[in-house]
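Student: Residue numbers (my numbering), protein chains in the order written: chain A, 1 to 117; chain B, 1 to 118.
Each hint should be verified, as a subset may be incorrect.
Reference listing, derived: stretches of chain B covered by chain A, where coverage requires no fewer than 3 residues with Cβ under 8 angstroms from a Cβ of chain A [said to hold, decoys possible]:
id, stretch
1, 11 to 21
2, 45 to 57
Restricting the straight-line Cα-Cα distance to at most 16 angstroms, the calculated cross-link-like pairs of lysine to aspartate or glutamate (EDC-like) are [unchecked claim]:
id, chain 1, residue 1, chain 2, residue 2
3, B, K78, B, E15
4, B, K110, B, E29
5, B, K73, B, E15
6, B, K110, A, D73
7, B, K55, B, E29
8, B, K110, A, D38
A few chain B residues that face chain A, going by a derived Cβ cut-off under 10 angstroms, partial list only [said to hold, decoys possible]:
id, residue
9, A1
10, Y33
11, L34
12, L84
13, L106
Simulated from the structure, these hints should not be mistaken for lab results.
Where a beta carbon is used, it is the ideal one built from N, C-alpha and C, also for glycine.
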Amino acid sequence: NAGVTQTPKFQVLKTGQSMTLQCAQDMNHEYMSWYRQDPGMGLRLIHYSVGAGITDQGEVPNGYNVSRSTTEDFPLRLLSAAPSQTSVYFCASSTTVHRSWNTGELFFGEGSRLTVL
Amino acid sequence: AQTVTQSQPEMSVQEAETVTLSCTYDTSESDYYLFWYKQPPSRQMILVIRQEAYKQQNATENRFSVNFQKAAKSFSLKISDSQLGDAAMYFCAYRSPYSGGGADGLTFGKGTHLIIQP
Numbered sequence: 001n002a003g004v005t006q007t008p009k010f011q012v013l014k015t016g017q018s019m020t021l022q023c024a025q026d027m028n029h030e031y032m033s034w035y036r037q038d039p040g041m042g043l044r045l046i047h048y049s050v051g052a053g054i055t056d057q058g059e060v061p062n063g064y065n066v067s068r069s070t071t072e073d074f075p076l077r078l079l080s081a082a083p084s085q086t087s088v089y090f091c092a093s094s095t096t097v098h099r100s101w102n103t104g105e106l107f108f109g110e111g112s113r114l115t116v117l
Numbered sequence: 001a002q003t004v005t006q007s008q009p010e011m012s013v014q015e016a017e018t019v020t021l022s023c024t025y026d027t028s029e030s031d032y033y034l035f036w037y038k039q040p041p042s043r044q045m046i047l048v049i050r051q052e053a054y055k056q057q058n059a060t061e062n063r064f065s066v067n068f069q070k071a072a073k074s075f076s077l078k079i080s081d082s083q084l085g086d087a088a089m090y091f092c093a094y095r096s097p098y099s100g101g102g103a104d105g106l107t108f109g110k111g112t113h114l115i116i117q118p
C-alpha cells in the first residue's frame, strides 16, 4: 500500500510565484488535512476536508487554497508565494472520528520542503 | 480550543537508560485521543503510542509506555532501555472525537528533541 503520497518532496519558489502541493491517499479515508511545520512551532493545521466537496480552514489558512474533488486527492495551492511560507508541509489522512472503528490515528505523508526566496 | 504543552524543548539520556518526556494538555472534553509521534531526521511522522481517554489503563508498546493522568491532564512518555535509534523529535498530540470547527485534526505540542548519548 502506498498510504499517503505527497509531491514534490522539495521545491524552491520565488516570491509571487504559484504552485500546488499534491496529496493522494489510497486508504479510502474521508478526512484529509494539510499541516505546516516550522522550527519551535510544532505542526499547525492549514486546511482540512471531511469528504469530497467539503473543505474548511484550520489554524493558519491565510495564503493557501484547497479543494477536494475526489476522496483520494487533496491538493494545496499557494497562489502568490511569500517568504513566510517557507516551511515543511505535511498531508495527513484518517477515517473521520465519528466512525466507531476509528483509532484516531492520522497517517502522514513524507513531507514537502518548500523554500520561498 | 484545546492546547498541548511540551515543557522540555530538549532532553538528553545515556544509551540503555530510561527517559520520560512530559506533556500536558487543556480541554473541556471528557473523551479524546492522545498520541506520541516520533520524527527522526528523515522527517517522517511515526506513531509511537496512542491512548484513548476513556481507558484507565496506560498504553504500552514494547519499550514505550505512557503515564496518563486524566484529572491532571498529563500524558508523559517513558522510553526504557534507550537506543541510538530513538534519537528524534517527539510530539505529543490531542484529537477530539467531535466533528467540525477544525476539531477533527490533531493539536500538536511544540516537540521535544531527544538526544541519545552513546
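Student: All hints, please: hold or fail.
Tutor: Hint check:
1. 11 to 21: Violated, because only 0 residues of the stretch 11 to 21 of chain B bring their Cβ atoms closer than 8 angstroms to Cβ atoms of chain A.
2. 45 to 57: Three-residue rule met by the stretch 45 to 57 of chain B, so holds; n is 4.
3. B:K78 / B:E15: Holds, at roughly 14 angstroms.
4. B:K110 / B:E29: At roughly 22 angstroms apart (the allowed maximum being 16 angstroms), B:E29 and B:K110 break the hint.
5. B:K73 / B:E15: violated (30 angstroms)
6. B:K110 / A:D73: With Cα atoms ~28 angstroms apart, B:K110 and A:D73 exceed 16 angstroms; violated.
7. B:K55 / B:E29: holds (15 angstroms)
8. B:K110 / A:D38: holds (9 angstroms)
9. A1: B:A1 check passes; min Cβ-Cβ to chain A is 9 angstroms, inside 10 angstroms.
10. Y33: holds (3 angstroms)
11. L34: Holds - the Cβ of B:L34 comes within 10 angstroms of chain A, reaching about 9 angstroms at its closest.
12. L84: violated (22 angstroms)
13. L106: holds (6 angstroms)
In this structure, the hints that do not hold are numbers 1, 4, 5, 6 and 12, in rising order.
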